[in-house]
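A.B. asks: What follows is each chain in one-letter form.
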Amino acid sequence: MSLLPEPSTFEKRYSDDEKLASELPDRPITSLRDLQYVYGRLYTLATAGGGEYAAYLTPEKSTDLFDEPESLLYLRIDLSGNKPRLDPEQPIGVESYGEEKVEAVAHSWFNAAKGFDHSVTHRTGKNKEPEKVAEYLHERLTAWAADDVIQEAVADHEDGWIVDALAALGESEGLRERIETAVDEQLDGKTTALTTVAVKLDSDGEYLLPGEASSVFNEAMRARKRSKLVSKGEATNSIGEATDLVTGNRGPTVGTAEDPLNYFLGKQLEKFPGFDPDEAWRTHPVSEDVAVTLMNARTFVDACDYYTMGANVYYLPYFFGRLQPTEARELYRMLYAVVREQDMTPIQHVYQQFQNDPALQEYGERFRFYVAAVMEHQTKRFDVFGDTLDGSLMSPVELIGSHIDVLESPLFDVHGDAERDTPELRPAFPAPESWDIFVPSEHALLGTLATGWYFEQTFAPADDDDASADDYRIRALVAVLSGEPLDVETVLTEYVERLLEDEGEEFPSFRVSAQYAQLCALAEAGLLTGRDAYKPVAEPRQLTHNHTDDMQQDTPARADGGNVAAARETKLEQFLEQTPALAEDQPERRGSFLLGALVGQVTGYQQVSEGRSTTLIDQYPIKAVTESKLKRLASDVLDKNIVYSRENNMAGTMYSEVVDRLVTTLPQIDIDGDWELDTTDLRFYYSLGVAYGMNNWASNDDEQADGQPATEEEEA
Amino acid sequence: MAQESLEGRTDEDDGLPETCLSFELRGEWGHFRRVEGNIVKQTYRIIPRTTVAGLVAAMLGLDRDSYYEAFSQNVSAVAVEPIDELRAINMPMNTLSTAKEHMTTMPSRGHARISMPDPSELRQQHNYEVLVEPAYRVDLQLANDDLRNRLQDRLRDGTSYYPPSLGLSEHLAEVTYLGEFEVTPHERETTDVDSAVLEAVDSVELTPETEVKVERSPAFMTADEGGRTTTAFQSIAYATGAEPLRVHDVKTHEVDGRRVMFS
Numbered sequence: 001m002s003l004l005p006e007p008s009t010f011e012k013r014y015s016d017d018e019k020l021a022s023e024l025p026d027r028p029i030t031s032l033r034d035l036q037y038v039y040g041r042l043y044t045l046a047t048a049g050g051g052e053y054a055a056y057l058t059p060e061k062s063t064d065l066f067d068e069p070e071s072l073l074y075l076r077i078d079l080s081g082n083k084p085r086l087d088p089e090q091p092i093g094v095e096s097y098g099e100e101k102v103e104a105v106a107h108s109w110f111n112a113a114k115g116f117d118h119s120v121t122h123r124t125g126k127n128k129e130p131e132k133v134a135e136y137l138h139e140r141l142t143a144w145a146a147d148d149v150i151q152e153a154v155a156d157h158e159d160g161w162i163v164d165a166l167a168a169l170g171e172s173e174g175l176r177e178r179i180e181t182a183v184d185e186q187l188d189g190k191t192t193a194l195t196t197v198a199v200k201l202d203s204d205g206e207y208l209l210p211g212e213a214s215s216v217f218n219e220a221m222r223a224r225k226r227s228k229l230v231s232k233g234e235a236t237n238s239i240g241e242a243t244d245l246v247t248g249n250r251g252p253t254v255g256t257a258e259d260p261l262n263y264f265l266g267k268q269l270e271k272f273p274g275f276d277p278d279e280a281w282r283t284h285p286v287s288e289d290v291a292v293t294l295m296n297a298r299t300f301v302d303a304c305d306y307y308t309m310g311a312n313v314y315y316l317p318y319f320f321g322r323l324q325p326t327e328a329r330e331l332y333r334m335l336y337a338v339v340r341e342q343d344m345t346p347i348q349h350v351y352q353q354f355q356n357d358p359a360l361q362e363y364g365e366r367f368r369f370y371v372a373a374v375m376e377h378q379t380k381r382f383d384v385f386g387d388t389l390d391g392s393l394m395s396p397v398e399l400i401g402s403h404i405d406v407l408e409s410p411l412f413d414v415h416g417d418a419e420r421d422t423p424e425l426r427p428a429f430p431a432p433e434s435w436d437i438f439v440p441s442e443h444a445l446l447g448t449l450a451t452g453w454y455f456e457q458t459f460a461p462a463d464d465d466d467a468s469a470d471d472y473r474i475r476a477l478v479a480v481l482s483g484e485p486l487d488v489e490t491v492l493t494e495y496v497e498r499l500l501e502d503e504g505e506e507f508p509s510f511r512v513s514a515q516y517a518q519l520c521a522l523a524e525a526g527l528l529t530g531r532d533a534y535k536p537v538a539e540p541r542q543l544t545h546n547h548t549d550d551m552q553q554d555t556p557a558r559a560d561g562g563n564v565a566a567a568r569e570t571k572l573e574q575f576l577e578q579t580p581a582l583a584e585d586q587p588e589r590r591g592s593f594l595l596g597a598l599v600g601q602v603t604g605y606q607q608v609s610e611g612r613s614t615t616l617i618d619q620y621p622i623k624a625v626t627e628s629k630l631k632r633l634a635s636d637v638l639d640k641n642i643v644y645s646r647e648n649n650m651a652g653t654m655y656s657e658v659v660d661r662l663v664t665t666l667p668q669i670d671i672d673g674d675w676e677l678d679t680t681d682l683r684f685y686y687s688l689g690v691a692y693g694m695n696n697w698a699s700n701d702d703e704q705a706d707g708q709p710a711t712e713e714e715e716a
Numbered sequence: 001m002a003q004e005s006l007e008g009r010t011d012e013d014d015g016l017p018e019t020c021l022s023f024e025l026r027g028e029w030g031h032f033r034r035v036e037g038n039i040v041k042q043t044y045r046i047i048p049r050t051t052v053a054g055l056v057a058a059m060l061g062l063d064r065d066s067y068y069e070a071f072s073q074n075v076s077a078v079a080v081e082p083i084d085e086l087r088a089i090n091m092p093m094n095t096l097s098t099a100k101e102h103m104t105t106m107p108s109r110g111h112a113r114i115s116m117p118d119p120s121e122l123r124q125q126h127n128y129e130v131l132v133e134p135a136y137r138v139d140l141q142l143a144n145d146d147l148r149n150r151l152q153d154r155l156r157d158g159t160s161y162y163p164p165s166l167g168l169s170e171h172l173a174e175v176t177y178l179g180e181f182e183v184t185p186h187e188r189e190t191t192d193v194d195s196a197v198l199e200a201v202d203s204v205e206l207t208p209e210t211e212v213k214v215e216r217s218p219a220f221m222t223a224d225e226g227g228r229t230t231t232a233f234q235s236i237a238y239a240t241g242a243e244p245l246r247v248h249d250v251k252t253h254e255v256d257g258r259r260v261m262f263s
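The listed protein sequences derive, respectively, from chains A and B.
If you count by our numbering, then the first sequence holds residues 1 to 716, one letter each, in order.
If you count by our numbering, then the second sequence holds residues 1 to 263, one letter each, in order.
For reference, chain A alone in the conformation it holds in the complex (with noise of 0.2 Å):
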């Protein structure tokens, strides 16, 4: 549940363009501060109806809270009599905290782990038990009300006093244990709540909550934030004059803002010599209006912000350049959506409306996003992977698009035999619809994709729980939301790493399956990159060639197999044609793939037709593959070829359209002379064959048909 107001009623309110540029910043979004700065204004400009304090309010924070029971607690304060003293019949108050009660309560929270929130009003962390409960309720007379900075700015203040009384009551004696009786009484059990006071200040009053009661609890508010723009962690009067950073004016500045996104705190000393805390405005210079609109940001960002793999992703649209009144609401619209509803990624949202949205998609290039992974390894100590300023929507949305046609391709062809044209054999590779990565919908897909799963399910996991700079899915996931290229030879490091991992009892061949599907992918939508040997990897297949129509013809059934084996000698011929990485000037890597494909045609055979448990692929596994041992393996296999197709009276070889190329692929081969590939490209291409031979056969209906040979007829 949100408070922010509904997009039409902020484009009613804002339908002036000339005020609402005024409202606005007068010079293009360049930096991570601007963006923020922006959608603070545009979150004070929605919300500012609420007073004056409006912009030092936190409500957002806690709509979590709304119509929860037990979620606002408060002390029942009587300050009508010559003492201040809790309500002796009823100290605590219980209820339900909700919308109606925002201004009364009055909210303002602040980020730290340890201390407490600007306003009176503090939450409490998740599910406290009663005793902890109480400690915070104790902590709003002795943290807050006790506080220098809050002291000081109530001094003048003609309800000051009721603060004074607040901590001189909360010195009192045994009033902890009062509290905590009362507590354990009314609640049933751990809560997570707003815990705050209520003062009566009459005899004859009611108890009041602080926005009820006195501007006092806001002043003494706002000063407390305010302070904290000066003074955190060892900077205590971070101040001095200076460039604002945002609106360039020269004027005060502070140096401790609060950032929605923690690039910039107060201590570190680092590659600066002499750098002092105190003098962190110089660095980092933004005025005391700026930094409480950066502030306002947090719920804006805190929506486009999800977590995955470790890591916060920040996902935030903006329009290239000085913000104009259309899209500043049509901004808005996006982040109000996005703050609604947080069952989807905000890509998915944003793709969503953009989708629904003709106005939005002829903003084309000029819509943008800053894309950044932010892995927090304890709450102060922060790493980036990667951001970005120039992320655009189409980049995911293209590559999802390339994944979509390389499932639909009859590489994949995840419709299924009977919509396929050719149906006396099965596609190249397998493509299980219990995976995600093999579901051919826009929508899904996207969301696998930004949820990072779609680099989960084909990259080598990572060593431990914690997200590192190691972590090449992050950054891939990165880079593919920013349209960065990816390097290839990482991508088959990943995979290689990935398979050895998973290469125990079977042959991962759904997983190398996944990867080829991605990596197709990737080429297509122009996200990869590679040097030299590499080159012909990073480059898209061809797709658009008509498969069916060359299947469709003629060719001659052969004697190893009839009408099938035609089929599989075109199929082979042609992805051979369409793949530039096994080019017949790539010997290595098309050697290593036709070994593959020799293994898993065999091994399909061992288990199928010999109904074997040790089959070929578990001889020859892939870490088996190597440079110097490949023209070995090679003839090793080439020999059970011959054995099997003798055993089985075969006229000729069995998988001859395999064992024909392999043959003569291998003499190119130079094993003395420089090895071009790394092991990893090899195993990458070798685990390929295997797929692609293992998912190789036809249904036996076909096989009858055909004529297979005999005995796999009578041992099937």
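Derived from the structure by calculation, the hints contain no laboratory data.
No experiment lies behind these values; they were computed from the predicted model shown.
Mixed in with the good hints there might be a few duds.
The following residues of chain B were derived to be distant from chain A, with all beta-carbon distances above 12 Å [unchecked claim]: (1) 35; (2) 152; (3) 157; (4) 181; (5) 187; (6) 211; (7) 244; (8) 253.
Simulated coverage check for chain B against chain A, where a stretch passes if three residues somewhere in it have a Cβ under 8 Å from a Cβ of chain A [stated by the list, open to error]: (9) 39 to 52; (10) 130 to 137; (11) 212 to 219.
Not everything, but these chain B residues come out facing chain A in the computed CB check (under 7 Å) [stated by the list, open to error]: (12) 127; (13) 189; (14) 190; (15) 229; (16) 230; (17) 231; (18) 233.
Cβ coordinates follow ideal geometry from the N, Cα and C atoms, glycine included.
Use these hints to put chain B onto chain A, whose structure you have.
C.D. replies: Relative to the frame of chain A, chain B by itself:
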């Protein structure tokens, strides 16, 4: 070779000369820390104008905080053109904690003391965004004759007072002198701009072929009693592949047959 000072020089008000000195900056690595972050270590892609000033000052051996006047508006102009594709990678580095409790001051008493982190402490790994093989052409106009002449001598001889570097001292820069060139101003027009585009982000023509990127970095600085502050930031647009950008209605200058924008 003594470090020289700029004190007492007042010949900077004569306006900019009609020529500029051009040199190429290259290095294996570069890191120009973005001001938005001190916890995180992200880099600008285009060398900031203030860094160019610092680098030139280092070559000339000028005192810390002494040279900002000489590189201020009206008495200096800088154009930066990326020569090669701008590419960055993440480089995890092991660093020592610089929190107060981890700093040692040596010697423990006396006037000349330095603070340093305790080298026996455990390192923390941080991710630095680092530019890979950055390369820029810099066209620099300086009103201060003396400085200009000294710089030209340095560039010609290939010498430098302090080792020039690209952002961090460990990322050494290779400086190649290209020569002194005429600077011909052009009225406002629509043209292909070879250098990074300054303060005209809204005027850049967006096409699907060329990826236009933007950033905002410090441009001018001033010194005060406590240290230094940035007096102006500038918005920069550039193409990732170092191609020229088509920009509408901008004032440009011609240098060596190229169109550049000075600030």
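A.B. asks: Name the hints, by number, that the structure is in violation of.
C.D. replies: 1, 6, 10, 13, 14
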